[in-house]
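In order, the protein sequences belong to chains A and B. Those letters in the first sequence? Residues 1 to 113, per this note's numbering, in order. Those letters in the second sequence? Residues 1 to 117, per this note's numbering, in order.
Please keep in mind that the hints were generated in silico from the structure rather than gathered at the bench. Check each hint, because a few of them may be wrong.
[As the list claims (entries may be wrong)] Simulated pairs of lysine-lysine, BS3-like, Cα-Cα distance not exceeding 27 Å:
| no. | chain 1 | residue 1 | chain 2 | residue 2 |
| --- | --- | --- | --- | --- |
| 1 | B | Lys42 | B | Lys57 |
| 2 | B | Lys42 | A | Lys56 |
| 3 | A | Lys77 | A | Lys60 |
| 4 | B | Lys42 | A | Lys68 |
| 5 | B | Lys42 | A | Lys60 |
| 6 | A | Lys112 | B | Lys57 |
| 7 | B | Lys57 | A | Lys52 |
| 8 | A | Lys56 | A | Lys68 |
| 9 | A | Lys77 | B | Lys57 |
| 10 | A | Lys52 | B | Lys42 |
Remember, predicted model here, so these are calculated numbers, not experimental data.
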Amino acid sequence: GNSVTQMEGPVTLSEEAFLTINCTYTATGYPSLFWYVQYPGEGLQLLLKATKADDKGSNKGFEATYRKETTSFHLEKGSVQVSDSAVYFCALANYNQGGKLIFGQGTELSVKP
Amino acid sequence: EPEVTQTPSHQVTQMGQEVILRCVPISNHLYFYWYRQILGQKVEFLVSFYNNEISEKSEIFDDQFSVERPDGSNFTLKIRSTKLEDSAMYFCASSEASGLALPSEQYFGPGTRLTVT
Numbered sequence: 001g002n003s004v005t006q007m008e009g010p011v012t013l014s015e016e017a018f019l020t021i022n023c024t025y026t027a028t029g030y031p032s033l034f035w036y037v038q039y040p041g042e043g044l045q046l047l048l049k050a051t052k053a054d055d056k057g058s059n060k061g062f063e064a065t066y067r068k069e070t071t072s073f074h075l076e077k078g079s080v081q082v083s084d085s086a087v088y089f090c091a092l093a094n095y096n097q098g099g100k101l102i103f104g105q106g107t108e109l110s111v112k113p
Numbered sequence: 001e002p003e004v005t006q007t008p009s010h011q012v013t014q015m016g017q018e019v020i021l022r023c024v025p026i027s028n029h030l031y032f033y034w035y036r037q038i039l040g041q042k043v044e045f046l047v048s049f050y051n052n053e054i055s056e057k058s059e060i061f062d063d064q065f066s067v068e069r070p071d072g073s074n075f076t077l078k079i080r081s082t083k084l085e086d087s088a089m090y091f092c093a094s095s096e097a098s099g100l101a102l103p104s105e106q107y108f109g110p111g112t113r114l115t116v117t
């Protein structure tokens, strides 16, 4: 079946450090891939997405590239801020499976000043 | 900006009681979803709903669960007889299109924290 695996957290970084959160997936067909962010006390917000191989999703300085050959969708940011502290979820959805989202376990990011 | 809303934000109930969690999806959306997140665990799909019927449900969504769109705006999740293990954050989501084309973005509500005692 379809599944998503993320690196375990928590991840603690200093402000302006480089961020990578690894995400790999298992899926049939050609899923769309997403990163969602959950700030403390809030719901899930879509951060970025990619719908086909080699697509790069980007938003707010975050980037992720859909790598079919390695079945990965790693999240990166060149310089994190304290305000980026949140839980990040990698997810996939398959158009021929009703579009439900399958989430990874989430990675908590804490950025210190 | 349109948003998905959910009420209540926190519900405390006793084991065996019925609860109804309410959601107002974005008005022009056609697909509706419920997910749950047990504390410290991943977000899990429960059910999807389209054209006034369930389009898919997970193993979690057993006979104790039901969904309904009683009018043109609300989308509800009912748990008939709550168990301790139903304690979780429940998220509602909606999207414009799904299934026939690439999945469109799902917009999530802020969630309802259900505590079963």
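Taking the hints in turn, this is what the structure says about them:
Between B:Lys42 and B:Lys57 the alpha-carbon distance is near 17 Å, which keeps this suggested pair within the 27 Å criterion. About 25 Å separates the Cα atoms of B:Lys42 and A:Lys56, which keeps this hinted pair within 27 Å; it holds. Simply put, A:Lys77 and A:Lys60 have alpha-carbon atoms about 9 Å apart, close enough for the 27 Å limit, and the pair holds. For the given pair, B:Lys42 sits about 24 Å from A:Lys68 by alpha-carbon distance, which is consistent with the 27 Å threshold.
Straight-line distance between C-alpha atoms of B:Lys42 and A:Lys60 comes to about 24 Å, which keeps the hinted pair within the 27 Å bound. For the hint linking A:Lys112 to B:Lys57, the alpha-carbon distance of about 41 Å lies beyond 27 Å, and the restraint is violated. Distance hint between B:Lys57 and A:Lys52 is fulfilled; the C-alpha atoms sit about 26 Å from each other, no more than 27 Å. Taking the CA atoms of A:Lys56 and A:Lys68, the gap is near 12 Å; set against the 27 Å cutoff, the hint holds.
In summary, the hint linking A:Lys77 to B:Lys57 is not supported, as the alpha carbons are separated by about 35 Å, beyond the 27 Å threshold. A C-alpha spacing of about 24 Å is found between A:Lys52 and B:Lys42, which places the hinted pair at or below 27 Å, so the restraint holds.
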